[in-house]
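Chemist: Protein sequence lines correspond, in order, to chains A and B. For what it's worth, numbering that gives the first Met the number 0 labels the leading residue of the first sequence as 0, then goes sequentially. For what it's worth, numbering that gives the first Met the number 0 labels the leading residue of the second sequence as 0, then goes sequentially.
Some chain A residues judged to face chain B by a derived CB distance under 8 Å, without partners named:
1. Arg-78
2. Ile-82
3. Ser-86
4. Pro-102
5. Leu-105
Below are the DSS-like pairs computed for lysine-lysine, each with C-alpha atoms no more than 27 Å apart in a straight line:
6. A:Lys-58 x B:Lys-162
7. B:Lys-162 x A:Lys-122
8. A:Lys-96 x B:Lys-156
9. B:Lys-150 x A:Lys-96
10. B:Lys-162 x A:Lys-73
11. B:Lys-150 x A:Lys-73
12. B:Lys-162 x A:Lys-108
13. B:Lys-243 x A:Lys-96
14. B:Lys-156 x A:Lys-109
15. A:Lys-32 x B:Lys-150
16. A:Lys-79 x B:Lys-150
17. B:Lys-162 x A:Lys-149
18. A:Lys-149 x B:Lys-150
19. B:Lys-150 x A:Lys-109
20. B:Lys-150 x A:Lys-5
21. B:Lys-243 x A:Lys-108
22. A:Lys-109 x B:Lys-162
23. A:Lys-73 x B:Lys-156
24. A:Lys-109 x B:Lys-243
25. A:Lys-58 x B:Lys-156
26. B:Lys-150 x A:Lys-108
27. B:Lys-243 x B:Lys-162
28. B:Lys-82 x A:Lys-58
29. A:Lys-16 x B:Lys-82
30. A:Lys-108 x A:Lys-96
31. B:Lys-243 x A:Lys-122
32. B:Lys-156 x A:Lys-108
33. A:Lys-96 x B:Lys-239
34. B:Lys-162 x A:Lys-96
35. B:Lys-150 x A:Lys-58
36. B:Lys-156 x A:Lys-149
37. A:Lys-25 x B:Lys-150
38. A:Lys-79 x B:Lys-156
39. A:Lys-79 x B:Lys-162
FYI, nobody ran anything at the bench for these hints, they're computed from the structure. Just so it is clear, CB atoms sit at the ideal spot from N, CA and C, and this is done for glycine as well.
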Amino acid sequence: MTPALKLENISKIYPSKTGDLLVLEKIDVEVGKEEFVSIIGPSGCGKTTLLKIIGGILKPTTGQVLINNQESEKVLQERKIGIVFQSPVLMRWRTAKENINLPLELMGKKTDVTHLFDLIGLKGFEESYPRQLSGGMQERVAIARALVFKPSILLMDEPFGALDEITRHKMNLELIDLWQSGKTELSMIVFVTHNIIEAIFLSDKIIVLTKRPGRIKAIVDVKLERPRSIALRDSREFVSLKRELRELTEA
Amino acid sequence: MNRKYLYPVIVFVIIVILWEFLVALFGIREFILPSPSAIVVHLIDSAHSIAYHFCVTMSEAVLGFLTAVLIGVPIAVLFSYSKFAEWSFYPYIVALKVTPIIAMVPFLILWFGVGPVSKIIAAAIMAIFPIVVDTTRGLREIRPECLEMMKSFSATKRQTFMKLKLPNSIPYLFSGLKIATALSTVGAVVAEFVGSNEGLGFLILTHFYYLETATMFASLIALSAGGIVFFFIVSLIESKLLQKYGIGVEE
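Starting from the given sequences, assemble the full structure and let the hints guide the process.
Modeler: Okay, structure coming up:
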């Protein structure tokens, strides 16, 4: 079986005046279809850089990313990849609906996006401007915008990192529902986080990176049953995975 | 009425009453300092002539302002894309700004005559600096994440400019335009002082030779009023536009 996502010998060097900065070193990973993958590691380990390389918006210094045997830059141009950034990056002069419509506009398409407001639970806020929405709501708009052109891969860079614990928790539940519901065309989600609980709860596979330069420390398979619900967090398997990951990230 | 507008009116009334009273109290002669009532009398007496010269000066200022916009905005677009262009031409824009306009006007009159053209060019020279500087800043000051977001949707350069950079620069453009309104009026009047046969600058200078101080004051008041109205018209367009696109309007 060919892997849906294959990272081959990815390294990234940022040149600078004080000497080249090695951010990522020799990343090799294979991910199967229908997998939810998390990338976890200490801050500054190159998680975000890796995600941008996977998404084809940043070139690796060495190596290549293959998505269904195609280069990721090409896959991006075919609009098969949706990216949710660390902050919502909404345009403040556009309403929620206009923000969600942006990718379609760029493609020269006109599609009704009202159903997406149901999906992300923002019905009634179509005409609101970003400044009128809470952080969690803005994040939902950003997710809807990444989904509007029906990509098959969704990349998320600590999307809930700026939210309070309660909202983050709620967004986790909604994201997992979205993933499990089959209402989207998604066949893979790659999720960057530094929150262990979030990573275990959402993922099928967790890639643990080392401190800078980011190397693969471990790849942990999460064999928890799906659909998952909140009760899972108290199960013995969950707790032991949590311990395993904590030891991996602390060591 | 809004208190914000009431207070300056109260200040104005107090100053006028005090002025009238002190002129009468000390018996100051009219050619040194005319009383407000004398100014009003002269304003009404020569209303026709002041109105004519007012129109001359203000149309010079407005045309100079528009010329500066037409030339300045494309320069800003060029600068925002090319550091090379900015390095090459920015020093000359600064030179235009720091060289006193009054020293440049004799050349303008020599080349373009005593008519309105030299005044329009003087007004444009004064107005172009803030327009170029602020618009360039607005086109450039875009969070890198926003550009990555556009890239993730495979936006073309043109789309990135039209949908992201241009709307982002609007508030900056207007802060430049508001300063430019005042500067273009200054440019026009200064040029009239150096050499002209019409306009409020010409009127003030002519009455100065005859020590008709009250008419000088009347012309000065017309000039201030024109400048204020010009500024408020641009501010009004700004707030309408920002309101329409929801940019930076406080709740």
